[in-house]
Amino acid sequence: MLTMAQKRKRNAILSAVIGWILSLIILVPFAVIVVNSFKTTRDSAMMNLEWPRDGWVLSNYAEVLDGGQIVRSFFNSLLIASGCVLVCMVVTAMAMFVIRRRKSKLHRVIFYMFFAGLIAPVNYITALQILKALHLNGTYFGTILTYAALGIPFAAFMYYNFIGTIPTEIDESAIIDGTNISQLFFQVIFPLLKPVTVTVATLTFISAWNDFVSPLYLLNSSSKWTMVLMVYNYWGVMQQEWGKICAVIVLTLIPILIVYIAMQKHIIAGMTSGAVKG
Amino acid sequence: MYKKQIYRSWFTMPAFIIYFLLFIIPVIFGIGYSLTNWNAMSSEIKFVGLRNYLEIFNPDNAYLLAIKNTLVFTVYASVGKIVVGLALALFFNRKFRTQNLMRGVYFMPYAISSLIIGMIFTSILAPDGILNEGLRAIGLDAITKSWLTNRSTVLGAVIAVEIWKSIGLNMVIFLAGLQMIDKEYYEAAQLDGANAMAQFRYITWPFLRPSITTNVILNIIHGLKVFDIVMALTNGGPGNTTQVISTFVFKTYGMGAYGLSNALSTFISILTMLIALAALKLIAPKEA
Chain A
3 MLTMAQKRKR
13 NAILSAVIGW
23 ILSLIILVPF
33 AVIVVNSFKT
43 TRDSAMMNLE
53 WPRDGWVLSN
63 YAEVLDGGQI
73 VRSFFNSLLI
83 ASGCVLVCMV
93 VTAMAMFVIR
103 RRKSKLHRVI
113 FYMFFAGLIA
123 PVNYITALQI
133 LKALHLNGTY
143 FGTILTYAAL
153 GIPFAAFMYY
163 NFIGTIPTEI
173 DESAIIDGTN
183 ISQLFFQVIF
193 PLLKPVTVTV
203 ATLTFISAWN
213 DFVSPLYLLN
223 SSSKWTMVLM
233 VYNYWGVMQQ
243 EWGKICAVIV
253 LTLIPILIVY
263 IAMQKHIIAG
273 MTSGAVKG
Chain B
551 MYKKQIYRSW
561 FTMPAFIIYF
571 LLFIIPVIFG
581 IGYSLTNWNA
591 MSSEIKFVGL
601 RNYLEIFNPD
611 NAYLLAIKNT
621 LVFTVYASVG
631 KIVVGLALAL
641 FFNRKFRTQN
651 LMRGVYFMPY
661 AISSLIIGMI
671 FTSILAPDGI
681 LNEGLRAIGL
691 DAITKSWLTN
701 RSTVLGAVIA
711 VEIWKSIGLN
721 MVIFLAGLQM
731 IDKEYYEAAQ
741 LDGANAMAQF
751 RYITWPFLRP
761 SITTNVILNI
771 IHGLKVFDIV
781 MALTNGGPGN
791 TTQVISTFVF
801 KTYGMGAYGL
811 SNALSTFISI
821 LTMLIALAAL
831 KLIAPKEA
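Taken in order, these protein sequences are the chains called A and B.
In this text, residue positions in the first sequence follow the working numbering: the first is 3, and each later residue adds one.
In this text, residue positions in the second sequence follow the working numbering: the first is 551, and each later residue adds one.
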């Protein structure tokens, strides 16, 4: 007979084993990509997990990195995603601070407008017309603003809930000390919002980095393409050369997986914060 | 009076302007343009009433099929994600080693672009891909298929990939709900002789309701907007068998039929709004 403690331990080991076996469903597709990125064109044609007949090679990476387009697209993605995060966090936090504190009808209308953006998809065709009218089409800045607009609804939702937990006494004592709203917000309130800012910034960064639709409509010059668009382009051009396609995919996945691993806790915190309330 | 002086309205302006210009106005203009013949061929834009919408609902065109595909995709993918996500969450809601690392693995596809996931799976699902290789290795040669070019399997394959991507997200949301449950409830129930089924029915389920609502809504919204994964996996093919509304928005835009493209885009906005609100009304827990 096993004791309770032994039984529990056995079950825990069993759970871990089953869990890892099932996780192969997630891991194997990635393994296929990584393995084949180190195979010659002949070997990678099969896209399997077999040992390469021609040996492991780095030539796919050398070739796709040649010409610097991938590196350039990496910096494009970095610029656009970071710019979007910066703009989106600052403007949304500012707006939600006032909206949450004022609670007037007009402010509630603005809040619901932001909220509708969580549901309705954007119309890229007409958004592009607006950018053209502002002479911002095809520019980094225009793209950053578009992404910021897409990120505002989620950020607004998160900031609205969090700002409600900050006591108004903090505002009052600062006001008595003679600060104006800009000083109050940027020196006192914004630093207090750090936990939610980190979460929202991470999620916004990931969705901007991964987005495929906006640059497809908005960025026509290939010199400004993001990594995802670059991969799509390579995929069209190098139809049968899976080795090289895999190398491009691996290079595209590395930056975002680093962000994912480093920020995993915050991502999960953000994704679940809405869940409890429903 | 006092509030107005401290919390200045101009503070809401930067966010409002960006959002209004690049989100609200495009949607409103889109509705307007959807009633015109705006296209790449002529510089003249004429009002045509509901003609573009009649075009969408004309059974001679493939748009109705795309609407049906979008709905089928949304329903099956949502159910699949919720069932698998819930099963995983129940599995993870206990203590064992390497749990956090494992959870990170299941959630990982969430951080990756749908487009890239679609590309990866074109190779996995290819006739000589690793899925068929695996099936052959375990003697299931009979069910190997060219998953993405076979008309009867292709939509199912796209749905399966979507489920693969999002089970981690559903799992994490369910786990948050499960972890709110005090372990003492279960202990008390065990003392009263409640079996596992009864414990699930009377303790776990009520606590899960809010996270089910969240997952259903998120999955529906996400499903109706589907685009990237279809573009990468099938590009709408073979024929138009996996065409969805968003791929037709892009396709008609590419053909220069901007009025029609806007009508499709407007249609999907209205459809998403209506379905999401209806779902919210139907399944959201009633306020006590």
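Since the hints were derived computationally from the structure, they do not count as laboratory data.
Virtual Cβ for every residue (Gly too), placed ideally from N, Cα, C.
A hint or two may mislead.
Ranges between beta-carbon positions, derived for each pair [to be verified]:
no.	chain 1	residue 1	chain 2	residue 2	range
1	A	V73	B	L690	41 to 47 Å
2	B	E734	A	S184	33 to 39 Å
3	A	N163	B	R759	42 to 48 Å
4	B	I578	A	S225	56 to 62 Å
5	B	A590	A	G69	16 to 22 Å
6	B	I578	A	P169	55 to 61 Å
7	A	M6	B	A738	14 to 20 Å
8	B	M563	A	W58	52 to 58 Å
9	A	S223	B	L830	37 to 43 Å
10	A	P257	B	Y752	29 to 35 Å
11	A	G238	B	R701	50 to 56 Å
Verification of the hints:
no.: 1; hint: V73(A) <-> L690(B): 41 to 47 Å; in the structure: holds (44 Å)
no.: 2; hint: E734(B) <-> S184(A): 33 to 39 Å; in the structure: violated (49 Å)
no.: 3; hint: N163(A) <-> R759(B): 42 to 48 Å; in the structure: violated (20 Å)
no.: 4; hint: I578(B) <-> S225(A): 56 to 62 Å; in the structure: violated (33 Å)
no.: 5; hint: A590(B) <-> G69(A): 16 to 22 Å; in the structure: violated (33 Å)
no.: 6; hint: I578(B) <-> P169(A): 55 to 61 Å; in the structure: violated (39 Å)
no.: 7; hint: M6(A) <-> A738(B): 14 to 20 Å; in the structure: holds (19 Å)
no.: 8; hint: M563(B) <-> W58(A): 52 to 58 Å; in the structure: holds (57 Å)
no.: 9; hint: S223(A) <-> L830(B): 37 to 43 Å; in the structure: holds (42 Å)
no.: 10; hint: P257(A) <-> Y752(B): 29 to 35 Å; in the structure: violated (47 Å)
no.: 11; hint: G238(A) <-> R701(B): 50 to 56 Å; in the structure: violated (24 Å)
Hint violations for this structure: numbers 2, 3, 4, 5, 6, 10, 11, all remaining hints satisfied.
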